[in-house]
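Sequences and hints are given; from them, build the entire structure.
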Amino acid sequence: MTYVVAAYAVLWAVSFWLVFSMVWRQRKLQAELHMLQQIVENEATPQK
Amino acid sequence: MKRRNDTWLLLLSSLSAALILVALYLALAGAPDVAAKSDTFRISYRIIYFHVSTAWVGFLAFFVTFLASVAYLRTQARKWDIVALASAEIGTLFMLGVLVSGSIWARPSWNVWWIWDVRLTISLVQFLVYVGYLMLRGSVEDPARRASFAAVYGVVAFIAVPINFLAIRLWRTNHPLMFGANADQGGLGPNMMFAFFFSLIAFTVWYGTLMWHRVRLEHLRDDVEQLKQQIVK
Numbered sequence: 001m002t003y004v005v006a007a008y009a010v011l012w013a014v015s016f017w018l019v020f021s022m023v024w025r026q027r028k029l030q031a032e033l034h035m036l037q038q039i040v041e042n043e044a045t046p047q048k
Numbered sequence: 049m050k051r052r053n054d055t056w057l058l059l060l061s062s063l064s065a066a067l068i069l070v071a072l073y074l075a076l077a078g079a080p081d082v083a084a085k086s087d088t089f090r091i092s093y094r095i096i097y098f099h100v101s102t103a104w105v106g107f108l109a110f111f112v113t114f115l116a117s118v119a120y121l122r123t124q125a126r127k128w129d130i131v132a133l134a135s136a137e138i139g140t141l142f143m144l145g146v147l148v149s150g151s152i153w154a155r156p157s158w159n160v161w162w163i164w165d166v167r168l169t170i171s172l173v174q175f176l177v178y179v180g181y182l183m184l185r186g187s188v189e190d191p192a193r194r195a196s197f198a199a200v201y202g203v204v205a206f207i208a209v210p211i212n213f214l215a216i217r218l219w220r221t222n223h224p225l226m227f228g229a230n231a232d233q234g235g236l237g238p239n240m241m242f243a244f245f246f247s248l249i250a251f252t253v254w255y256g257t258l259m260w261h262r263v264r265l266e267h268l269r270d271d272v273e274q275l276k277q278q279i280v281k
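Each protein sequence line maps, in turn, to chains A and B.
Under the numbering used here, the first residue of the first sequence carries the number 1, and numbering increases by one thereafter.
Under the numbering used here, the first residue of the second sequence carries the number 49, and numbering increases by one thereafter.
By construction, these hints were calculated from the structure, which means they are not laboratory data.
Yeah, the Cβ is synthetic: ideal placement off N, Cα and C, and Gly gets one too.
Pairwise CB distance ranges, derived in the manner of DEER restraints: (1) B/A125 <-> A/V40: 21 to 29 Å; (2) A/M1 <-> B/T123: 47 to 55 Å; (3) A/F16 <-> B/V204: 25 to 33 Å; (4) B/A125 <-> A/R25: 19 to 27 Å; (5) A/M1 <-> B/G256: 27 to 35 Å; (6) B/N222 <-> A/T2: 20 to 28 Å; (7) A/V40 <-> B/S187: 29 to 37 Å; (8) A/W17 <-> B/V173: 17 to 25 Å.
If you want it as structure tokens, here you go:
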């Protein structure tokens with residue numbers, strides 16, 4: 001039984017790692033995108 | 049349009065999670081025991097349901113990488129490069145899962161963690177070939193050259209997949225033959241087919257979900273790059 005648990009734990013770990021790495025990368029990119037959009041908007045707004 | 053896609057992606061993610069949970073139940077409890085003399089072999093055989101499904105996703109992912117690489121070489125369209133990358137990344141991780149889960153199955157069944165058997169060795173080589181694919185992508189700066197090199201590599205690397213698939217039929221190996229062998233020789237019995245194929249379907253849907261998420265991530269990365277270039281200009 002130990003081997004079955006170990007094998008399934010490894011497969012779940014691989015799957016979760018993949019999902020969490022994607023979530024983490026997505027959050028990082030969204031934050032960067034948001035920051036860049038603000039820079040573009042600030043540059044587009046005419047200064048008084 | 050984007051919001052509608054998000055809803056579909058959420059639905060697909062929920063469906064694949066539900067299918068994987070049912071497959072897990074079938075693999076661990078629902079499916080009948082294999083006819084085996086030893087208890088250890090009988091229990092450890094339940095690893096096979098997810099081990100084979102993981103291998104199937106690995107092979108499918110590399111086939112998609114191959115097709116997308118051919119499509120990229122013909123059209124030079126960025127979308128095919130994204131599909132090839134996403135699929136190769138998922139396939140490589142699933143191949144790692146195959147190697148580790150297979151090794152854990154080998155311990156109670158063969159009394160060793162690893163042997164340099166034809167099937168096992170080719171699987172390891174296949175995994176390393178696709179690690180090389182990802183390393184190649186990481187080492188070329190220019191996006192167009194990176195995509196072209198990766199596409200050629202993605203086409204050539206695929207040769208490992210049919211060789212691996214046919215290895216247990218072409219050469220003498222310790223690896224069990226799932227179809228065409230008796231249950232006591234490690235083959236699947238007729239009453240185990242439902243759990244086996246359910247698991248294959250669940251993993252295929254899971255692969256589709258992961259692909260969608262990964263492709264979406266790469267599009268987001270492209271948006272960021274585009275904005276950065278807009279600011280530089």
